[in-house]
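Engineer: First to last, the protein sequences are chains W and G. Letter by letter, the first sequence follows residues 1 to 368 in this note's numbering. Letter by letter, the second sequence follows residues 1001 to 1457 in this note's numbering.
Warning: the hint list may mix true and false statements.
Examples of chain G residues toward chain W, derived with CB under 8 Å [stated by the list, open to error]:
1) L1058
2) E1061
3) W1195
4) N1258
5) F1262
6) T1355
7) W1371
8) R1404
9) F1420
10) P1427
11) L1452
12) H1454
Honestly, the hints are just simulated from the structure, not real lab data. Just so you know, even glycine gets a beta-carbon here, dropped at the ideal spot from N, CA and C.
So you can see what is in the structure, the chains are spelled out below.
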Amino acid sequence: MSARFGAVLGLTALLALGAACDAADDGDARADVRRAMLTDLADRVILPAHASIVAEAGTLADATQALDADPTDETLEAAREAWVSAARSWQRLAALNLPGVKFGLYHNRIATRPANVTAVEEVIGGTETISAALVESRGSNVRGLPALEYLLFGDDALARLADPRRRAYARFVAADVLSQAEALQTKWSAGGGDEIGMFLAADTEGRNLQSSVSRIVNELAMVAEDLRYETIGRPLGVARTPEDESTGPQPGLVQAPYAGVSVALYRETLAGVRALVTGGGGTGLDDYLVALGAEIDGQPVGAAVLAQIDATDAAAAALQAPLREAVVSDPEGVRAVYDEAGELLRLLKTDMANWLGVSITFSDNDGD
Amino acid sequence: MAVAAPARPDRQRGAARLRAWALAPADPLVLGVFRVGFGLVMAGSLLRFLLLGWAGPLYAEPAVHFTYPGFGWVRPLPLGVLTGLLAVALGGALGFAVGRGWRAWGAVFVAAFTYVELIDAATYLNHYYFVTVVGGLTLALPMGAALVPGQTPRASVPRWTVAALRAQIGAVYVFAGIAKLHADWLVDAMPLRIWLPARGGLPVVGPLLDLEWMPWAFAWAGALFDLLAPFALSARKWRPWAYAAALAFHAMTYALFNIGVFPFVMMVAALVFFEADEWRALGRRLSRWRPSWAGPSGTGPRPPVQTSRWAAAAVAAFLAVQLLLPLRHWLYPGDRLWTEEGFRFAWHVMVAEKTGTAAFHVRQPETGREWTVLPSDDLSPLQEKQMAFQPDLLWQYAQHVERRFREAGHGDVEVRADAFVSVNGRPSRRIVDPDADLTRVPRSFGPKRWILPHPDF
C-alpha cells in the first residue's frame, strides 16, 4: 500500500503546486487588492495621521510657550487655535488605536475625557514646582488635550492665566502631549517600534485576531459605537447606565465642553473613518469589498458605508449651535445625528464585518 | 373473549438476531486504543488551554455570564479555582489514558471539563460539546478491557459497545454533512466564499484559495466528506484511503481556520473505525519498542466482559437522544441559520458567518423614563459579539438588564432589543421584534415568537 499511497500523495502535491502557480499567474485579484489596501492604509492614512498630530502638537507646544512668556488676548487666541487644530488632528487618528497595538497608554495620556478639573486646580493651587516631571507623575485625566482645553477655554481663561503656575502647567501639559505623540509616532515607524511593518506583514495571517483586516474592522466597530453612544447618545441623555441618576440632556458630556467644537471634532472622527474605508483615497476597504463581491440590495457594501458616513456628517453639519447647546435647544437635530450614526454602526459592525469574515475572538472558533 | 395475541415469530426472530449481533464478541483493543488516544489528545488540549491563559478572559473575568437552560446553577469560579479545576480535568484525562481506574479518572475529567464548559453559553463550541458527549459515553463502555498496564486484556467485549462508540462518532460526521445540505452551503458556497478569500494571504495555498470556484469545490467536497466518512471508514477496503482523506481534511481545516485542537481531536476519534487486527499488524511492525502490556501475555486473556442490560439500555437511550437532538431544528419555524433554534448540540459546524449589532431600550412604565443600554458596558468583546446574533442570548441579556435596573432602584422595567443580524453575506435585518418586552417572555423550548422572520430565508 505504502508505495502506491506515496505516489498518489506526491501526485496530489504536484497538482496542487501546479494549480497554485497557475493561480498566481492569473493575478489573484482579491489578495492583490488586500495588499494594496494595507499599503495605502499605511502610507496614506496611518503614517500621515501620526505625522500630523506630531506637527500640530508641536505648534500647540510653541503657542503655549508664547502664552506663558506673554499672556495676552493674541497669544491666548493663537494657543486656542493651535489647540483646536491639534484636537481635530487627534480625532482623525483616534480611529487608529488598532486592537493589538499596545499603545493605548499614549492615547489615554493624550485624550482621556473628561478632564478632572478639580485635580488640575489642585496641582496649580499647590506648591510643587511645575515641571515636566510633575505632569509625568499625574494621571491621564489631569493632563492631555482635555485638561489643556479647560485651561485655555474655561471661564475667565485669560484672567486666570495671569497666574504663572497656571500658564506653566498649560505649557508643560502641551509639551507632554507633544512627547506622547512623538512616542506614538516612533512606535509606529519602521525605524522605531515598526508597528507599521507588523501591520503590513499581518496580511499573511488572515485567520487570526491579529490580522490587519480583523484589527481594522474591530476598531471601526468600536469607533462607530462611540460615534453613536459616547459622543452623541450620552450628552443627549439617551444612552445611560441604570446607576446614572441624571435625567434629560447632559451637555457636560460633550467631547469639547469648553471649546465648543464638539461637532467639528465629531466630523473629524467621521473623516478618519472615511479615510480607513477609502484607504485615504487610494485602495481601501471599499475596493476590497468590491473584490469580494459584497453587496447590499445591489449596492456595493463600501459604497453604502460611504453614503452613510455622508448622511451622518450632513446631520452633524446641520446642527446650528455647539453640541452642548444643541442637546438642549435642538434635541431633534441631535437625535437625527444619533439615528444616522446608528445606521453607520449597523453597516460597519454587521454588514461589512460579515463580508470580511474577521476573527472576533482570541480563542478557538467552532470546528469543522 | 379477548385472546392474547401470540408474539409474532418474525419479530421474535429479529430481536434474537439483534441480540446475538450485539452480544457477539468483539476485540477490546479498539476501545483500549481509543481510550489512550482520546485521553492523551484531551490532556494536550487542556494543557494548551491552560498555557494560553484562556481561563481568565473566557470564564473568570466577565462580570456577566450566559447560562444553558437547566444549568443556571453553574456558577463562574475565581481564576485560581478554575485553573485548579482545569488541572484536575487534565489529570483525569491522563489517568483515563493510562487506564488503571480509568472510569473514575474519566468521570473526573468529564465532570470538570463539562462544568467549565457550562459556565458561559457565549463560549459554546461544538468541539467542547463533542468532548462531553463522547467522554460521557465512554464511561458506560468497557474502555479498560485492553491496554491497561499490568492487566491482561479481556478476551472480548460485547460488540455493541464498540458499535455504540463508532455510531456516536460517525453521527457527528453525518450530521455535520446533513447540516451542509443547505442552499447557502451548496448553491452560494457560503460562508466559504467569505472565509477562503480572507485566508488568501497564506503562502503557497493562498492564491489557490482566492480562485473564483474554489469555495464551491470546498463546499461540495466538504459536504460529501462529512456524509461519507463514517461509511468509508467502516469498510476495510476503503479504510486506509478514507482515513488519509480524513487526515488531509482535518489538517486543511486546521491550517485554514482558527479552530484550535478540534481537527486533532477528530483525527484521533476517527481511529475508532480501525479493527483490532489492523492495530495488531501495526503493533507487530513496531514490536521492537512495544511495551510488554500491549498484547496478551503468556497467561492468556481474562474472561470476556459481560455488560449489563441496563448499561446497554442506557447507551441506547443516549444514542437515541443524540440521533434526535440534531434534527430538532425541523420542529421550529424559520431557518435555523437565522433563528438559531435547534442550532446548538446539532453539529451545525462552520455553516454560518454571522455578525450582529445590539442595543437595549429600557422603559419605566410608571414614569415613561427611557434608557438605552449598551451591552459592551459589561460584556467581554467575545460575549458581546456572540450575543448580538443569538436570539436566546439576547433574551438572557434583557433579563440581566432588568435585574440591573431593579438593583439600581428603578423597579420593574420593560426591556426591548434593538438588534440587527447579518448571515452569510445577506444584508443585515432586524431580528428581534422591537415592540416585544423581553422581560415578559418566559424561557422555553417553544418557538420564539418575538424573532422576526427573515425575508430571504
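Engineer: A separate judgement is required for each hint: does it hold in the structure or not?
Structural biologist: Now for the hints, and whether the structure bears them out:
{"no.": "1", "hint": "L1058", "in the structure": "holds (6 Å)"}
{"no.": "2", "hint": "E1061", "in the structure": "violated (12 Å)"}
{"no.": "3", "hint": "W1195", "in the structure": "holds (5 Å)"}
{"no.": "4", "hint": "N1258", "in the structure": "holds (5 Å)"}
{"no.": "5", "hint": "F1262", "in the structure": "holds (3 Å)"}
{"no.": "6", "hint": "T1355", "in the structure": "holds (4 Å)"}
{"no.": "7", "hint": "W1371", "in the structure": "holds (5 Å)"}
{"no.": "8", "hint": "R1404", "in the structure": "holds (5 Å)"}
{"no.": "9", "hint": "F1420", "in the structure": "holds (5 Å)"}
{"no.": "10", "hint": "P1427", "in the structure": "holds (4 Å)"}
{"no.": "11", "hint": "L1452", "in the structure": "violated (15 Å)"}
{"no.": "12", "hint": "H1454", "in the structure": "violated (13 Å)"}
Of the numbered hints listed earlier, those contradicted by the structure are 2, 11 and 12.
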